[in-house]
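Student: Chain residues, written in single-letter form:
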Amino acid sequence: MKKIFPSAEAALQGLLHDGMVIAAGGFGLCGIPELLIEGIRKAGTKDLTIASNNAGVDGFGLGVLLATRQVKKMISSYVGENAEFMRQYLSGELELEFNPQGTLAERLRAGGAGIAGFYTKTGVGTVIAEGKEVKLFDGQEYILERGIVADLSIVKAWKADPSGNLVFRKTARNFNPPAATAGRVCIAEVEEIVPLGSLDPDAIHLPGIYVHRLIQGSHEKRIEQRTVRKRESV
Amino acid sequence: MWDRNQMAARAALELQDGWYVNLGIGIPTLVSNYIPKGIEVTLQSENGMLGMGPFPYEGEEDADLINAGKQTITELPQTAYFDSAQSFAMIRGGKIAMAILGAMEVAENGDLANWMIPGKLVKGMGGAMDLVAGVGRVVVVMDHTSKTGESKVLKSCTLPLTGRGVVNRIITNLGVLDVVQGGLKIVECADGVTEADLRAATEATIVG
Numbered sequence: 001m002k003k004i005f006p007s008a009e010a011a012l013q014g015l016l017h018d019g020m021v022i023a024a025g026g027f028g029l030c031g032i033p034e035l036l037i038e039g040i041r042k043a044g045t046k047d048l049t050i051a052s053n054n055a056g057v058d059g060f061g062l063g064v065l066l067a068t069r070q071v072k073k074m075i076s077s078y079v080g081e082n083a084e085f086m087r088q089y090l091s092g093e094l095e096l097e098f099n100p101q102g103t104l105a106e107r108l109r110a111g112g113a114g115i116a117g118f119y120t121k122t123g124v125g126t127v128i129a130e131g132k133e134v135k136l137f138d139g140q141e142y143i144l145e146r147g148i149v150a151d152l153s154i155v156k157a158w159k160a161d162p163s164g165n166l167v168f169r170k171t172a173r174n175f176n177p178p179a180a181t182a183g184r185v186c187i188a189e190v191e192e193i194v195p196l197g198s199l200d201p202d203a204i205h206l207p208g209i210y211v212h213r214l215i216q217g218s219h220e221k222r223i224e225q226r227t228v229r230k231r232e233s234v
Numbered sequence: 001m002w003d004r005n006q007m008a009a010r011a012a013l014e015l016q017d018g019w020y021v022n023l024g025i026g027i028p029t030l031v032s033n034y035i036p037k038g039i040e041v042t043l044q045s046e047n048g049m050l051g052m053g054p055f056p057y058e059g060e061e062d063a064d065l066i067n068a069g070k071q072t073i074t075e076l077p078q079t080a081y082f083d084s085a086q087s088f089a090m091i092r093g094g095k096i097a098m099a100i101l102g103a104m105e106v107a108e109n110g111d112l113a114n115w116m117i118p119g120k121l122v123k124g125m126g127g128a129m130d131l132v133a134g135v136g137r138v139v140v141v142m143d144h145t146s147k148t149g150e151s152k153v154l155k156s157c158t159l160p161l162t163g164r165g166v167v168n169r170i171i172t173n174l175g176v177l178d179v180v181q182g183g184l185k186i187v188e189c190a191d192g193v194t195e196a197d198l199r200a201a202t203e204a205t206i207v208g
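Taken in sequence, the protein lines are chains A and B. If you're matching positions, the first sequence starts at 1 in the numbering used here and goes up one per residue. If you're matching positions, the second sequence starts at 1 in the numbering used here and goes up one per residue.
Don't read these hints as lab results, they were simulated from the structure. No residue lacks a Cβ here, since even glycine has one placed at the ideal position from N, Cα and C. A portion of the hints provided could be inaccurate.
Straight-line alpha carbon distances no greater than 27 Å define the calculated DSS-like cross-link-like pairs of lysine-lysine that follow [to be verified]:
no., chain 1, residue 1, chain 2, residue 2
1, B, 123, A, 46
2, A, 132, B, 123
3, A, 121, B, 155
4, A, 72, B, 123
5, B, 37, A, 230
6, A, 135, B, 95
7, B, 95, A, 121
8, B, 120, A, 73
9, A, 221, A, 159
10, A, 42, A, 159
11, A, 72, B, 120
12, B, 37, B, 95
13, B, 95, A, 170
Taking CB as the label site, the calculated pair distances span [said to hold, decoys possible]:
no., chain 1, residue 1, chain 2, residue 2, range
14, B, 80, A, 137, 25 to 31 Å
15, B, 199, A, 118, 41 to 47 Å
16, B, 199, A, 220, 50 to 56 Å
17, A, 202, B, 25, 31 to 37 Å
18, B, 168, A, 197, 49 to 55 Å
19, B, 168, A, 118, 23 to 29 Å
With the sequences and hints as input, model every part of the structure.
Tutor: Here it is as structure tokens:
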């Protein structure tokens, strides 16, 4: 069992095909698998359906795959930061399925956990409920949402050991664990692969069973909204 | 009339000691500047954090530490991080006592519209639909009327809904109203605003 690959291109080898479904981790530009996104761009795989909370920005994150027109459909909760996305969507070139953020996270978690669907109150009485089964539980309406199983998951973590155990850092964890579990195959890119035994087994965020391939690389980690406060003068 | 900061300060009076609270983007974010003395609240950021701290000092920004508005922030001694599935589990599960959110329209039955204007730019609902469906109490903070002077406190919403019958209290630049049986009840008027002014600016039914 060897999970470590030398590059994104090598790790993606044999896993890509046109029309596939990809689950991607990240929130905004925080904790996104930027190396694997670049690898998919180079591979030129087309007609992708991508389940990801956001769609990157122009020229970075998933915006890279929108610019090259490799994406057929996005399943997202918020896409407001990407002008090229809006252009393609409004001209009908790109399909968009809006999911409430918690529904998207739970759809990915459920897909990875063998749960075909679940009932939620989120979206009851809104356009999100249209065409979905409504069921009463204890007098309250819930709608049926389906789990998502993806052909491939691409995620970003902080550290991994060679067995694929992952540790995330701060809010860069976000959608990465649920997205990782939703894929039939998962590739994780990390900042550092540490020797076996150096991660505390009690502090593993995602066990290696979910991670099939690993790459290590340096990340740009772009900040979307740099906000600071002034130091108070002494 | 209250300005943005006065509205945020008024909304901060809704907080109770020990609560876990989610603040939306815009005026609701300012609420954290006015948390009353003696009240401890823990702020949740739905991208996966409890115990959100203030913006970092210049040079101390961390790309791995942002809030739901994608702004750089800091952690506190009590901070905990978790993934998005767990974040929304605690939201839908009713563990968050209150959400303070912005709005485009609110109706007298508690309907809320704050995510989409058809035909204009469509950005998405983010976590707003989950929040209003799951948290214990929803307080809306917004201007009472549009830039053209039309009431945003309506008999029924014209925009696509974020949630149906979900709003408990509305805080605007003109005052505070509660959603009650049959319509809205005036709780208080803003400085220099009369009850007649508030009624005149409100399309929704006011009861009592």
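Student: All the hints need checking, so say for each whether the structure fits it.
Tutor: Verification of the hints:
Of the pairs offered as hints, the one joining residue 123 (chain B) and residue 46 (chain A) holds, with about 24 Å between alpha carbons and a cut-off of 27 Å not exceeded. Under the criterion of a C-alpha separation no larger than 27 Å, the hint pairing residue 132 (chain A) with residue 123 (chain B) is consistent with the structure, at around 22 Å. The hinted pair formed by residue 121 (chain A) and residue 155 (chain B) meets the criterion: a straight-line CA distance of about 24 Å does not exceed 27 Å. Straight-line distance between C-alpha atoms of residue 72 (chain A) and residue 123 (chain B) comes to about 18 Å, which keeps the hinted pair within the 27 Å bound.
In summary, the hint linking residue 37 (chain B) to residue 230 (chain A) is supported, as the alpha carbons are separated by about 23 Å, within the 27 Å threshold. Only pairs whose Cα atoms come within 27 Å are accepted, and residue 135 (chain A) paired with residue 95 (chain B) is accepted, the gap being roughly 23 Å. A threshold of 27 Å between alpha carbons decides the hint, and for residue 95 (chain B) with residue 121 (chain A) the separation of about 15 Å falls inside it, so the pair holds. Taking the CA atoms of residue 120 (chain B) and residue 73 (chain A), the gap is about 20 Å. The hint holds against a cut of 27 Å.
Annotation: proposed proximity of residue 221 (chain A) to residue 159 (chain A) holds, straight-line Cα distance about 15 Å (limit 27 Å). Between the alpha carbons of residue 42 (chain A) and residue 159 (chain A) the distance comes to roughly 25 Å, so the proposed pair stays at or under 27 Å and holds. As the CA atoms of residue 72 (chain A) and residue 120 (chain B) are separated by approximately 22 Å, the hinted pair is consistent with the 27 Å bound. Restraint check for residue 37 (chain B) and residue 95 (chain B): satisfied, since their Cα atoms lie roughly 23 Å apart, inside the 27 Å limit.
A C-alpha spacing of about 21 Å is found between residue 95 (chain B) and residue 170 (chain A), which places the hinted pair at or below 27 Å, so the restraint holds. The given range of 25 to 31 Å is respected by residue 80 (chain B) and residue 137 (chain A), whose C-beta atoms sit roughly 30 Å from each other. Look at residue 199 (chain B) against residue 118 (chain A): about 44 Å separates their beta carbons, and that is inside 41 to 47 Å. Separation of residue 199 (chain B) from residue 220 (chain A) is about 55 Å and conforms to the stated range, judged on CB atoms against 50 to 56 Å.
Between residue 202 (chain A) and residue 25 (chain B) the beta carbon distance is about 36 Å. The supplied range of 31 to 37 Å therefore holds. Checked against the hint of 49 to 55 Å, the C-beta distance between residue 168 (chain B) and residue 197 (chain A) comes to roughly 52 Å, which is consistent with it. As the Cβ distance of residue 168 (chain B) to residue 118 (chain A) is approximately 26 Å, the hint placing it in 23 to 29 Å holds.
Taken one by one, the earlier hints all hold for this structure without exception.
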